[in-house]
Amino acid sequence: MAKRAKSSRSKVGAPRAKERAGVISRKRGGKAAQQNSLDDLVAAAARALDLAIAPEWRGGVKANLAVTFAFAELFVDFPLPDEAEPAPVFSA
Amino acid sequence: MDTAWAHASEIAAAVADGRTSASAVVRAALARIAADNPVLNAFTAVLEDRALAKARAIDAARLAGHPLGALAGVPFAVKNLFDVAGLPTLAGSKINCERAPAPRDATLIARLEANGAVLVGTLNMGEYAYDFTGENVHYGPSRNPHDVACMTGGSSGGSGGAVAGGLVPLALGSDTNGSIRVPASLCGVFGLKPTFGRLSRAHTFPFVASLDHLGPFARSTRDLALAYDAMQGHDGDDPVCAARPIEPVAPEIARGSEGLRIAIAGGYFRAGVFPEAQTALARVAAALGAATEIELPQAKRARAAAYVITAAEGGALHLARLRTRAHDFDPAVRDRLIAGTMIPAALVTKAQKFRRWYREQVLALFAGVDAVLAPATPCAAPLIGQQTFVLDGVELAVRANLGLYTQPISFIGLPVVAVPVPLEPMPIGVQIIAAPWREDVALRVAYALEQAGAVAASKPSLKGDKQPRK
Numbered sequence: 001m002a003k004r005a006k007s008s009r010s011k012v013g014a015p016r017a018k019e020r021a022g023v024i025s026r027k028r029g030g031k032a033a034q035q036n037s038l039d040d041l042v043a044a045a046a047r048a049l050d051l052a053i054a055p056e057w058r059g060g061v062k063a064n065l066a067v068t069f070a071f072a073e074l075f076v077d078f079p080l081p082d083e084a085e086p087a088p089v090f091s092a
Numbered sequence: 001m002d003t004a005w006a007h008a009s010e011i012a013a014a015v016a017d018g019r020t021s022a023s024a025v026v027r028a029a030l031a032r033i034a035a036d037n038p039v040l041n042a043f044t045a046v047l048e049d050r051a052l053a054k055a056r057a058i059d060a061a062r063l064a065g066h067p068l069g070a071l072a073g074v075p076f077a078v079k080n081l082f083d084v085a086g087l088p089t090l091a092g093s094k095i096n097c098e099r100a101p102a103p104r105d106a107t108l109i110a111r112l113e114a115n116g117a118v119l120v121g122t123l124n125m126g127e128y129a130y131d132f133t134g135e136n137v138h139y140g141p142s143r144n145p146h147d148v149a150c151m152t153g154g155s156s157g158g159s160g161g162a163v164a165g166g167l168v169p170l171a172l173g174s175d176t177n178g179s180i181r182v183p184a185s186l187c188g189v190f191g192l193k194p195t196f197g198r199l200s201r202a203h204t205f206p207f208v209a210s211l212d213h214l215g216p217f218a219r220s221t222r223d224l225a226l227a228y229d230a231m232q233g234h235d236g237d238d239p240v241c242a243a244r245p246i247e248p249v250a251p252e253i254a255r256g257s258e259g260l261r262i263a264i265a266g267g268y269f270r271a272g273v274f275p276e277a278q279t280a281l282a283r284v285a286a287a288l289g290a291a292t293e294i295e296l297p298q299a300k301r302a303r304a305a306a307y308v309i310t311a312a313e314g315g316a317l318h319l320a321r322l323r324t325r326a327h328d329f330d331p332a333v334r335d336r337l338i339a340g341t342m343i344p345a346a347l348v349t350k351a352q353k354f355r356r357w358y359r360e361q362v363l364a365l366f367a368g369v370d371a372v373l374a375p376a377t378p379c380a381a382p383l384i385g386q387q388t389f390v391l392d393g394v395e396l397a398v399r400a401n402l403g404l405y406t407q408p409i410s411f412i413g414l415p416v417v418a419v420p421v422p423l424e425p426m427p428i429g430v431q432i433i434a435a436p437w438r439e440d441v442a443l444r445v446a447y448a449l450e451q452a453g454a455v456a457a458s459k460p461s462l463k464g465d466k467q468p469r470k
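The listed protein sequences correspond, in order, to chains A and B.
Under our numbering, the first sequence has 82 at position 82, and the numbering climbs by one with no breaks.
Under our numbering, the second sequence has 211 at position 211, and the numbering climbs by one with no breaks.
Same shape as in the complex, but just chain A (with noise of 0.2 Å):
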């Protein structure tokens, strides 16, 4: 579903090129296969959480999946230590 992001680093705060060494390609499919993809999340996800999508609505939202998954491709991949603390933090 997503690719690995091109890289855009700026000079500052850079990631190094080794520290990319270790994410794993993956396999990617043509637009067919996307659709198809994103067909088979909604229908899923759809179920699991029992939201009746109509379906004149299933355009829109396999459409703004498919920009949520553009968009995330720019990060998923961005190299971070396992021990990257999330932005969010809880106080007990």
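Keep in mind that the hints were calculated from the coordinates and are not lab data.
Take these hints with a grain of salt, some might be off.
[Stated by the list, open to error] Taking lysine-lysine pairs in the DSBU-like style, the calculated list, with each CA pair at most 35 Å apart, reads:
1. A:Lys62 - B:Lys459
2. B:Lys300 - A:Lys31
3. A:Lys31 - A:Lys62
[Said to hold, decoys possible] Simulated coverage check for chain B against chain A, where a stretch passes if three residues somewhere in it have a Cβ under 8 Å from a Cβ of chain A:
4. 138 to 145
5. 331 to 341
[To be verified] Which residues of chain A face chain B? A few of them, derived with a C-beta cut under 8 Å, are:
6. Pro55
7. Phe75
8. Phe78
9. Leu80
Since the model is a prediction, treat every value here as computed from it, not as a measurement.
Heads up, the beta-carbon is just placed ideally off N, CA and C, and yes, glycines get one too.
Starting from the structure of chain A, add chain B where the hints point.
The following block gives chain B in isolation, referenced to the frame of chain A:
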């Protein structure tokens, strides 16, 4: 005193020394709303009885010799996601009309009123704040006072339109990805998005808990500062609100920009900019003598991560309504929110980890600069209903790209003042970005620009179609 275009500070001074009364000021504001709101569509509720009662109380307090607040008699209005006692909190939706009336006012409303300001109504907004245009299928679009055929920007569209149109001198809005700064830019007014956690969000309808901020719109830097000072302070009702002391900025702004190191955001923030945004940024930079460019690392990825967090948290917030009331949403908002419920958790968690990394990189830059300048929007106000614009031969979606330059900043909660550059035919804003908790720096720079004549909230004509627009 003609209060139609007066600043909040001028109104409060006039009320305090008896040149006018709070009742007269509020009556005049209500008359302007009655006259111009049918065109601007900024207000969704007008609170005449409540406002006049509050104004009478202020006038009585003055006659009794009691001290008045810094905003005595200043009419203000709030985006309709703020709780107002006795009203259902709409958040721009049809569904929320059925909510029970709010039992109390939002914290920020109470704090402004404790300083003498007078709530006169609630304001139009994009549905559930998932919007950059100010359009709303249920209540109609907010209209830009500088050209009513144009959008206000959103999602705090009514807030921008009400202040720019002279209906009120002060309004409150919310900003998750740019929803104060975008309408401030397109409507040509000042807007402050404070540091994440600075101002209480208690008793307002949320959108994205990780990114939601509240803040003021005004027609001067001093008014922003007065309102901001009145609203500061910890609030136990908002777990995100920081336990920091109140740090008043109004006494500081006259220090101006002297001694401050000001840079221009390069790279990502210089690409995709329309000529008017370039002109505005150049004018502001020249007035400040700012020439150094710095690059905020990975801003494009930051925007992407903000997008994913927004979609996921927004979808999660509305899941129950999407199950039962999906037909009652704006179709465009509904499809985005449904998609948001389906985002894999792994992507959201990675976005939140990236957010912390990005924050650390950007904060390191503030060791060398005090403020950073960036466009607020890529262009001046598009037409209402306009779906795309063309830049350098490339057709881009209006809705998605209005927040291009605001999203990477609010993503890590930096304080920003959006300042209006009064270009013709339409104004446009520039962001003044400071380090966390340094609203004083951003406001000092804004004040310096105002004093230099580089920025100002220009008075609109409330007419449509100034000239043919592409």
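>> Under 8 Å between beta-carbons, do enough residues of the segment 331 to 341 of chain B, three at least, approach chain A for the coverage claim to hold?
In response: The restraint on the segment 331 to 341 of chain B holds, since 9 of its residues have a Cβ under 8 Å from chain A and three suffice.
> Minimum Cβ distance from A:Phe75 to chain B below 8 Å?
Replying inline: Constraint on A:Phe75 satisfied, holds at 5 Å.
>> Interface hint check: A:Pro55, Cβ to nearest Cβ on chain B, cutoff 8 Å. Holds or violated?
In response: violated (13 Å)
> Holds or violated: B:Lys300 with A:Lys31, Cα cutoff 35 Å?
Replying inline: holds (24 Å)
>> For a C-alpha distance cap of 35 Å, please report whether A:Lys31 and A:Lys62 respect it.
In response: holds (13 Å)
> Any CB of chain B closer than 8 Å to the CB of A:Phe78?
Replying inline: holds (6 Å)
> Counting residues of the segment 138 to 145 of chain B with a beta carbon closer than 8 Å to any beta carbon of chain A, are there 3 or more?
Replying inline: violated (count 0)
> Can A:Leu80 be said to touch chain B, with a Cβ gap under 8 Å?
Replying inline: Since the shortest Cβ distance to chain B is 5 Å, the answer is holds.
> Taking 35 Å as the top limit, are the C-alpha atoms of A:Lys62 and B:Lys459 close enough?
Replying inline: It is violated: about 44 Å lies between the C-alpha atoms, which goes past 35 Å.
Against the hints set out earlier in the document, violations occur for numbers 1, 4 and 6.
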